[in-house]
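One point on numbering: in my numbering, the residue at position 424 of the sequence shown is 534, and numbering is uninterrupted.
Be a bit skeptical, because a hint or two may be false.
Stated by the list, open to error - Lysine-lysine pairs mimicking DSS-like chemistry, simulated, CA-CA at most 27 Å apart: (1) Lys302 - Lys492; (2) Lys705 - Lys742; (3) Lys742 - Lys703; (4) Lys703 - Lys559; (5) Lys559 - Lys302; (6) Lys326 - Lys1110; (7) Lys326 - Lys302; (8) Lys462 - Lys492; (9) Lys1110 - Lys302; (10) Lys296 - Lys326; (11) Lys297 - Lys1110; (12) Lys705 - Lys559; (13) Lys492 - Lys705; (14) Lys492 - Lys559; (15) Lys297 - Lys326; (16) Lys712 - Lys492; (17) Lys712 - Lys559; (18) Lys1110 - Lys296; (19) Lys296 - Lys559; (20) Lys462 - Lys559.
Claimed, not checked - For each label pair, taking beta carbons as the anchor points, the in silico distance ranges come out as: (21) Ala949 - Gly1062: 15 to 23 Å; (22) Gly511 - Asn638: 14 to 22 Å; (23) Ala903 - Asn725: 24 to 32 Å; (24) Gly947 - Lys705: 55 to 63 Å; (25) Pro861 - Ser886: 53 to 61 Å; (26) Ser327 - Ala690: 37 to 45 Å; (27) Ala903 - Asn638: 41 to 49 Å; (28) Leu1052 - Ser973: 44 to 52 Å; (29) Ala764 - Leu1054: 49 to 57 Å; (30) Ala764 - Tyr563: 22 to 30 Å.
To be clear, the hints were calculated from the coordinates, so they are not data collected in a lab. Glycine residues also receive a C-beta, built at the ideal position from the N, C-alpha and C atoms.
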Amino acid sequence: MIEATAFRKVLASSTAFAAMAIALPAWAQTSDPETPQAAAQAAPAAEEGEILVTGTRIRRDGFQAPTPLTVLTQQDIQNTSPTNNIADFVNQMPQLAGSTKPANSRLNLSNGSAGINALNMRNLGEGRVLVLLDGRRSVGSTIYGWVDINTIPQALVDRVEVVTGGASSAYGSDAVSGVVNFVLNKKLDGLKIEADTGITTYGDGGNYSASIAGGKSFAGGRGHILLSANIAHQDGIFEVGDDREWNHTGYVRIQDPNWTSTSTTPQFITTRRQIGAANSTPGGLITGSAGGSANALRGLYFGYGGAVNTFDYGSFAYPAFTRASGSSAPSLVQGGSWQVNDSGTRIGLMPKDDRWGVFGRLSYEVADGVELFAEGSYNRQKVFFNAGPNLSTGIAINTTGCTTVPVPVTCNAFALQSLGAARLAGVTGLTLATTAADLPFRAIANERKVQRYVVGAEGSFEAFGRPAHWDVYAQYGRSDLREQLRNIMNLTRMANATNAAFAPAGNARGYTTGSIQCLINVDAITTNDDPNCVPLNRMGVGVASQDAINYVLGNPYRDQVMEQFVAGTNWSVTPFATWAGDVSVSVGGEVRKEKIRGTVPKEFQPIVTTTGTTNAWSVGNYLPFTGEYSVKEAYLETVVPLGFGLEFNGAVRATDYSNSGYVTTWKLGATWAPIPDIRFRVTRSRDIRAPNLNELYQAGTANSDSVRNPKYTSDGLNGPATWGYSGLTTGNPNLLPEIANSWNIGAVVSPRFLPGFTASADYFRINLAGAIDSISAQEIVNRCSDGNTVYCAAITNDPVRSLPGAPYLLIRSQPFNFVRKLVRGIDFDAAYRIPLGAASTFTLKGVATRYIENLSDTGIAGSVAVNTVGANGGQASTPTWIFRGSATYETQTFSATVTGRGVSAGKYVANGIECTSGCPVSTTNFPTYDNNRVSGLFYVDLNLTQTVPFGGNQAQFFINVTNLFNRWPLLVPETGMAANTTYSDMLGRQFRAGIRISLK
111 MIEATAFRKV
121 LASSTAFAAM
131 AIALPAWAQT
141 SDPETPQAAA
151 QAAPAAEEGE
161 ILVTGTRIRR
171 DGFQAPTPLT
181 VLTQQDIQNT
191 SPTNNIADFV
201 NQMPQLAGST
211 KPANSRLNLS
221 NGSAGINALN
231 MRNLGEGRVL
241 VLLDGRRSVG
251 STIYGWVDIN
261 TIPQALVDRV
271 EVVTGGASSA
281 YGSDAVSGVV
291 NFVLNKKLDG
301 LKIEADTGIT
311 TYGDGGNYSA
321 SIAGGKSFAG
331 GRGHILLSAN
341 IAHQDGIFEV
351 GDDREWNHTG
361 YVRIQDPNWT
371 STSTTPQFIT
381 TRRQIGAANS
391 TPGGLITGSA
401 GGSANALRGL
411 YFGYGGAVNT
421 FDYGSFAYPA
431 FTRASGSSAP
441 SLVQGGSWQV
451 NDSGTRIGLM
461 PKDDRWGVFG
471 RLSYEVADGV
481 ELFAEGSYNR
491 QKVFFNAGPN
501 LSTGIAINTT
511 GCTTVPVPVT
521 CNAFALQSLG
531 AARLAGVTGL
541 TLATTAADLP
551 FRAIANERKV
561 QRYVVGAEGS
571 FEAFGRPAHW
581 DVYAQYGRSD
591 LREQLRNIMN
601 LTRMANATNA
611 AFAPAGNARG
621 YTTGSIQCLI
631 NVDAITTNDD
641 PNCVPLNRMG
651 VGVASQDAIN
661 YVLGNPYRDQ
671 VMEQFVAGTN
681 WSVTPFATWA
691 GDVSVSVGGE
701 VRKEKIRGTV
711 PKEFQPIVTT
721 TGTTNAWSVG
731 NYLPFTGEYS
741 VKEAYLETVV
751 PLGFGLEFNG
761 AVRATDYSNS
771 GYVTTWKLGA
781 TWAPIPDIRF
791 RVTRSRDIRA
801 PNLNELYQAG
811 TANSDSVRNP
821 KYTSDGLNGP
831 ATWGYSGLTT
841 GNPNLLPEIA
851 NSWNIGAVVS
861 PRFLPGFTAS
871 ADYFRINLAG
881 AIDSISAQEI
891 VNRCSDGNTV
901 YCAAITNDPV
911 RSLPGAPYLL
921 IRSQPFNFVR
931 KLVRGIDFDA
941 AYRIPLGAAS
951 TFTLKGVATR
961 YIENLSDTGI
971 AGSVAVNTVG
981 ANGGQASTPT
991 WIFRGSATYE
1001 TQTFSATVTG
1011 RGVSAGKYVA
1021 NGIECTSGCP
1031 VSTTNFPTYD
1041 NNRVSGLFYV
1051 DLNLTQTVPF
1061 GGNQAQFFIN
1071 VTNLFNRWPL
1081 LVPETGMAAN
1091 TTYSDMLGRQ
1101 FRAGIRISLK
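Assemble the whole structure, with the sequences as input and the hints as a guide.
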């Protein structure tokens, strides 16, 4: 029976948190009744007495670094993790809510990141947060160096430490927005087994996982062995299907067909009324025709068996057009045949994912205070995803002479078969657009193999009469990545197969007269023949032969090998004390080398010449590249007590890159605890992100075009108005590290009059200068013209094609250090643990981030630096509020946790102007909308556990329901997947059940 005093505590605390719950729905308020209310969540604060915590190299009992630190315990993970993947739990932290996950990386066809879990803190990008395993780096799983959280031995994770502030002075490059350190239970004694399975409320998305981990001491406790293995499977969801109604709303924003530049009404209008694609159909849509009456055949489309139908362009089309005009066919229509193109409902939600991994660690204390250790891990993952139809637009179909007898080879045989001579009278050509229902969907099939090995020694000794600690280690990591695209159109073969003709009598290859063959094999040119060519009928559904499909499709791939070599040492001592307390010092150094090498079979590469690139495939067109860099680093950190509860923490790190030169990072911080109930903290740091291997060494693709002469005058004294150029898009080996200047100011409150309660608030500001991004050839010329020699170095004259007075340029379009990013906001964290008696507790937690500013300024003329906070429309959006809250009731054998999480309502476009009449002039930078509002999100999850005796040990059964009320995703008015996949639960309600067994 719960004691009365305990009951009053619960009532009082529930009242306080209810106030938060009342406020939070306003953050997520929406006009859509499908969207729910809101709440908040928090992770626990760091445990007292940790010898070494993330964010500092100082090892000292009770030391609390000034940089904000959140610790997610194993119990937190088990009680509230929404899936069997630890990444899905970590991603729910507001600071990491914009991370890459399978649901929003699934369509990354050509960069190898499909299916991974990579962390993104503060929406500054996955490359600007450092991921550690037991305080050490891990090799990246993509060419960008992103660490895939799937490679962490999850069965052994004891806690996750999240530093939300710059930490480059402690760890080096990439720790700009923060650090996430996965800490393993290296002294596990016994055996842990876990297995679970899950499914969505729609009967799809089935998954299962199993893991086993064990540890054992030997040699009287001097040695310890640790082993783990895990396997996981996720069914792919390759089509949204009819059950998920949110993808059938026709929710699209279009330009008002009646709008002009002088209108005082909004340029863009939002509608959910029967909006659909009108630029293609599954069997092909004629978007234009030449000869005879202008566009006489526009709007005819081909159905099953090649049946000819007429597309109904509904009540209005966007962009506005007339069938007979020379304007392009519309991309969207309202009403009419809006549902003929069903590609929007055939988009996939989740890749198929199979992965397994093993981990082992052996340690032995060879002498008092000296322990040797070795560890290794191997992970393998296969990801497959249906990436949608093989969309093709602008397909040219020659119909010249189709009414002539005998039919000449200039007439496309399939067009004549489908349309008939009467329709083609006077028509010399068609333009076709199709989503190619007869072709299998494009697909991504990535395979990753990641291995990591560490050897080292660590120990402690007495120096200056006080404990000292040291470690030394060497580490090797390797990632093997095969990025394969399946069912991809070979452009040359597709053109050959599309151009089909009736074989003329007496043809050189002996084809039956009147049979349909590839034009290249029956025309008068013998040098272009391809005996393997099979004609492809692209006009209809169910009309293409399998041989033709096999001929036009291929599976291009590339192989990438990324290697990382690291060696380092750390020493932490307390050399002396002042009247205020011990002064601690930590010193250390690290050397690191990163390498990449890639191979691509010749048939899957584009043809690159000095005049341009000819793509061989519709997507992919990989080129091999290699590169490497090395870095040497040394650091010094100290903690100096100043008395009266004030403590100073400072660090400096010297870094020397083989390619980017020397850079210094530092941190100045302080904590002040005037009374035990409150502690203030502040840090000011200078942090860096070095360019990754892809930014430095990516292989080039070429193109030809022209650029404007920024200094052209009508008298011609400054050269011609335009210059021709050949452009080569490559990496830039001259890139410099990005420099971030950061502030963190906050306070932690733990009132003695309210035991078990802790709350904190921290203001953060990250000002990133010289951020790396790509830039257009025109902007390179403009900046060179302004006297910036960095950009002039990317331009040379082509000595072959340059003429007197008319230079022809060679321009390397490279990434440069030219963007400024600024992120500001406040993190809130609260937790209240209430003992209820009878060995039971009630715990409330809440964590939220209030973003104030998220700015990206390119400095490009005509561009506007816009604060994107509150813009929920795009996938890289930054909601004003992101929050998570949980309530847990726990006994020795039972626990129940209810979690609420979500984001606030906001805008679709940050710089959009909402109006209905009297609108200002709509511009590219400040467009006008009739409705620029986007809903917020609120999801509720439920976790239940029950522990039972199991042969002298324990077994725990658990049930998890994610998105308990099956709320819709955050809908945005876009074609295709009309939802924000970054913050939304795309699958709907999910059920998961499993068992954990602990054996001693």
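| task | Starting from the hint list further up, note which numbers the structure goes against and sort them upward. | result | none
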